[in-house]
Each structure stands twice: as structure tokens, then as C-alpha cells.
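The listed protein sequences derive, respectively, from chains A and B.
For reference, each letter of the first sequence is one residue, going 156 to 492 in the numbering used here.
For reference, each letter of the second sequence is one residue, going 14 to 237 in the numbering used here.
Each hint should be verified, as a subset may be incorrect.
[Claimed, not checked] Under the rule of at most 27 Å between Cα atoms (straight-line distance), these lysine-lysine pairs were calculated in the DSS-like manner:
| hint | chain 1 | residue 1 | chain 2 | residue 2 |
| --- | --- | --- | --- | --- |
| 1 | A | LYS321 | A | LYS491 |
| 2 | B | LYS87 | B | LYS207 |
| 3 | A | LYS491 | A | LYS466 |
| 4 | A | LYS371 | B | LYS194 |
| 5 | A | LYS390 | B | LYS207 |
| 6 | B | LYS207 | B | LYS103 |
| 7 | B | LYS219 | A | LYS371 |
| 8 | B | LYS139 | B | LYS219 |
| 9 | A | LYS371 | A | LYS342 |
| 10 | B | LYS219 | B | LYS194 |
| 11 | A | LYS321 | A | LYS390 |
| 12 | B | LYS103 | A | LYS390 |
Since the hints were derived computationally from the structure, they do not count as laboratory data.
Here is how the chains run, residue by residue.
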Amino acid sequence: MRTRPFASGSLAGSRMLALGICAALGACSGKPAGEHASTPAISPPAAASARQANHAADPAPGLTAPDATQKAAFAPPPENAIPEGPYGDVVRLGRAIFTHTRENAGAYVGNGLNCSNCHLDAGRLADSAPLWGAWGMYPAYRKKNGHVNSYGERLQGCFMYSMNGKAPPLDSKELIALETYSYWMAKGAPAGTKLPGAGYPDVPRPARAPDFARGKAVFESRCALCHGADGQGRKVAGNYVFPPLWGPDSFNWGAGMHNVGTAAGFIKANMPFSRGGRLSDQDAWDVAMYMDGHERPQDPRFNGNVAATRKAFHDDPDSLYGTEVDGHRLGSQPLKK
Amino acid sequence: MRLAGCFIRFAGLSAGVLLGWPSPAVAVDASTIATQGNGRGAAACASCHGADGAGQASSGFPRLAGLNGAYLRKQLDDFANGSRENAVMKPIATALDAGERQSIAEYYARLSPPRSRVASAAAGPKADSAGALLATRGRWSRQIPGCDQCHGPGGVGVGEHFPPLSGQSDVYIRNQLTAWKQGTRHNDPLDLMKHLSAALDDNDVKEVSAWYAAQPLHDAGATP
Chain A
156 MRTRPFASGS LAGSRMLALG ICAALGACSG KPAGEHASTP AISPPAAASA RQANHAADPA
216 PGLTAPDATQ KAAFAPPPEN AIPEGPYGDV VRLGRAIFTH TRENAGAYVG NGLNCSNCHL
276 DAGRLADSAP LWGAWGMYPA YRKKNGHVNS YGERLQGCFM YSMNGKAPPL DSKELIALET
336 YSYWMAKGAP AGTKLPGAGY PDVPRPARAP DFARGKAVFE SRCALCHGAD GQGRKVAGNY
396 VFPPLWGPDS FNWGAGMHNV GTAAGFIKAN MPFSRGGRLS DQDAWDVAMY MDGHERPQDP
456 RFNGNVAATR KAFHDDPDSL YGTEVDGHRL GSQPLKK
Chain B
14 MRLAGCFIRF AGLSAGVLLG WPSPAVAVDA STIATQGNGR GAAACASCHG ADGAGQASSG
74 FPRLAGLNGA YLRKQLDDFA NGSRENAVMK PIATALDAGE RQSIAEYYAR LSPPRSRVAS
134 AAAGPKADSA GALLATRGRW SRQIPGCDQC HGPGGVGVGE HFPPLSGQSD VYIRNQLTAW
194 KQGTRHNDPL DLMKHLSAAL DDNDVKEVSA WYAAQPLHDA GATP
């Protein structure tokens, strides 16, 4: 699998996640393909040595999951390296927002997700849109809004779409904490370079077009265990343990994860949870199509007409918004809480 | 409670008849099985799991009170069919008919989590201990999520597939992780515990078991 850290153009940037949930950055780190076309890819020797370094840190490589060799690359500093003092405090606040988003940034969250649902291991995991892979890629031009975005503005998009909420002000403590956490995590990573493991992998388009019915079968056998037969996740004491994949508490139609290709990348690399890399490409695309073929909250850019909104913001074969799936025109009955 | 028990017993028998299960010669209700056994080879549950279903920490007999009923039913079935190997439970589960397994599972699911198993968090491992980190954050370099990410915050348990870890003893949790590692327990969905336990060494098992054994057990107990 090749990574495409910043993938997809019309998708919102975030790629949410299917299973976990997500929110932010990397996922949020989706950028239109080609935006960084001039960026040289990291050289194979560098990539190989990064993977070796990663393995060297592994206590027992012999037991490593088969897909683990796909991960890797840049190794963020260990969490116990967060310093004491006021700077470290803000790094820790950023991490707390990332993993418990509603509890720590509730004013800007409109659903049941956490950033860490789609950016696993608190935003550290390769191929799960890690923060260390996103930090050095901004400022960047994004087709999604037609101008150069700062990293902070990119994070605002995560809140508006993946979290179905409101954009925290650029100088808010929440955004500054998330930026600080990202900066801390990216220590030593080269800026302006697409690193191996950044973003979600680009899963080759399968032989057969993604199919709702086949996706349903995959969902029922591999995903419903945690996300429920209805895809609505599972709560304990009012908070989701397993995130809802569609419906009123999930990401909205503007989120990157609503793009079938983006979702296939996340799912292929990371799902079932802790068992990533085991679904076939076909299954990953099919189940991504099944997840993204369900109704969810409206795109906040909705202009009053589904077809016109599709034309303006979803003119992409991998967006199902405004198309008819399983007898329903997606986006026509958006869900609210 | 008595009425409910009767109803469940009746429902179990009815289901047994409909599904063609052999009718028990003597129908034994759940509270009798729990305290006296069923008279056909299944010993009283309480003799090992305690009168209140709290289990026995030192011997590794797990708490049953407040666990999800569907989870408990599946475990009884799996003891009988061998996908969860256990020399003590196999003959007991085998001696219970399907209706009895269902009613005893529901009986323990309805019991309140035992006060006697409420642990003192103050006495447990520190929040930055190796066990705590495994429990809450996992070790993603080995594809291990935090245990809490499926078993719920504090290991409170989530639904029928992810039983509570809080309120179970150090010995029991260690025994289960070891059983998955060795393959004597292989009734986990999607091989989740097989793959996770394989990536844990003996010290990891010890640390994470100690962590959960010290977690407070709330009244809400097991399942949401």
C-alpha cells in the first residue's frame, strides 16, 4: 500500500473513521491529491531505515503482526518525554482534547466522536493519519476551501466536519493545545516532506466497483461486533466506547471520512480494531461504501439543494452525497440530534 | 424476583420443548442451582463463586454477579463444547441443559455487583505504572490497544462480547490471559484475545492483571 497522506480533494479533510473515530488532523489531514505534487517522495533507503529503526524498538519482532512492516517510519518521542512545566502542560492538554474531545473541548463538538477514533494511539500511529505526519505539511493550499490554510485552520475543519461542531477560534486554548501537541509529537520530523505512514494508505481500487450488499456482509461479520448491527456504536455511562459510524452522532457529510476511498484506506490499515491489514482491498472498499452509504448529519456548506450542494462540494465519484444508495438519496434527510 | 424466576424457568422450558431439547426430568430453577446444584451433576455455583456471586479472589474463581447474561450463557456453552477448556466447569456446564444455562446466566446477570469485591483504588498500582499504561493506552508498536478501549473505561465491561475486568481478581485475569496465550481458551470473537495475549509477556500479564484487580467496582457494574 502506498500512503497518500493528503488525499482527496473534495473530501473534507478529515477522514473519519470508521471505527474509531476521529477527528482531527490527519484525518483531518486530507489534502487534495496533487497539492504537493512537487514534494519529493522520501527516498527508499530513508524509508527502509526508518522501518528498521521502528523494528529495533520492538521488543519481540518475531511476534509482530504481518502488517506491521507496512507501518512505521518516523518515531514520535515517547509520551514520558513530555516535559514538566507550562509547555508540557499544554502538550498534555492537547493530548487530553485529542483522546477525550467532548470532555475537553465540548463547546466545539457536535457528535459522539473523539479525534483518536480515526487517529489511533492518540494521533501517533502510522497509517492512521498521525499528527507527526500532518504538522509539517502546513501551511498548504486546499481545494476544499480554495486558499492556503494554516495548520490551525486545518484543525478548525476537523471540528466543523468530522466533529460536526464549530470551529474553535485560532487563538483559543483548545486549538493552541492541539497545535502544541502536534508540534511536540513531530520533533525531529522533516517539514514539507510527505513521510511514510502519514495520512491513510491509498488502497488500490478493486476489480469490482464497491457494493452496498457485499459491504453489508463484511460489516456484519467483522464490524458489528463492536459498532453494533445498526452501526451506532456502544456507550458506557453516556460516552461512546465504540464510535457510531453513521447517524446523528457521527461525522457529517463534509468530513473527509465520508469519501469512500479515504474510508477504505483507514479501514484497510486499521480495522477491525487492532487487526488492521487483514481485510482484502475489495472488502475494505465494499465496507467503506456500506458505511458511507448511510445518512448522517448535513454538510454545513449545504446551500438548500442537495444536487447543487453535490455539484459545488462533492463532485467526486468517491462521494456518495446526493446519490441514491439502497433506495435513498443521501443528504436528503440529514440526521440531527 | 420469585415470579421472574418462575417466568424464566417457564420460558426456558418452553424454548426447550420448541427446540427439541431433552426435557429435564426434574426442572430446577436458577436459585436452586446456584445454592444446591441441579441434582444431575451440576454442583452449586455458590460453592466456588460465593453466595453473592462475588467469586473467590485467591483461588481465581471469577465474580459472576452483574455480568452480561448473554456473555455468561455463551461461556457455559463454550465450557461444554470445549472452546473454553476448564476441567472444573466442563462437567458442570455439560450437566446443565440449555434452559438451565440460560436461566442461571440470567440469574447472575441480575445480581448486583458484590460490595465485597469493591477494591480500593488507593491500594492499587499507580496511574503511570506499566499495567495502567497497557490498560488505558495499549502498546501500538505491537498492535495492542488499551484494554479500556474495548472493555470500557476502568474495565467496566461493554455488552455481551467485552466482559468487565474490574471486580475480577488478579489471579482470574492472569489465568485468562495465560489461557488465551496457551490456546486453552479460544472462544474470543475475531481472535482478538488470542492476538493480544500473544503479544504480552509474563510481566505485562502480571502488571495489567494487578491494575484491573485494583479498579473500583461501581454499582452500575458490568454492562451498559
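Results of checking the hints against the structure:
no. : hint                : in the structure
1   : A/LYS321 - A/LYS491 : 15 Å, holds
2   : B/LYS87 - B/LYS207  : 18 Å, holds
3   : A/LYS491 - A/LYS466 : 23 Å, holds
4   : A/LYS371 - B/LYS194 : 32 Å, violated
5   : A/LYS390 - B/LYS207 : 25 Å, holds
6   : B/LYS207 - B/LYS103 : 21 Å, holds
7   : B/LYS219 - A/LYS371 : 40 Å, violated
8   : B/LYS139 - B/LYS219 : 14 Å, holds
9   : A/LYS371 - A/LYS342 : 42 Å, violated
10  : B/LYS219 - B/LYS194 : 14 Å, holds
11  : A/LYS321 - A/LYS390 : 23 Å, holds
12  : B/LYS103 - A/LYS390 : 33 Å, violated
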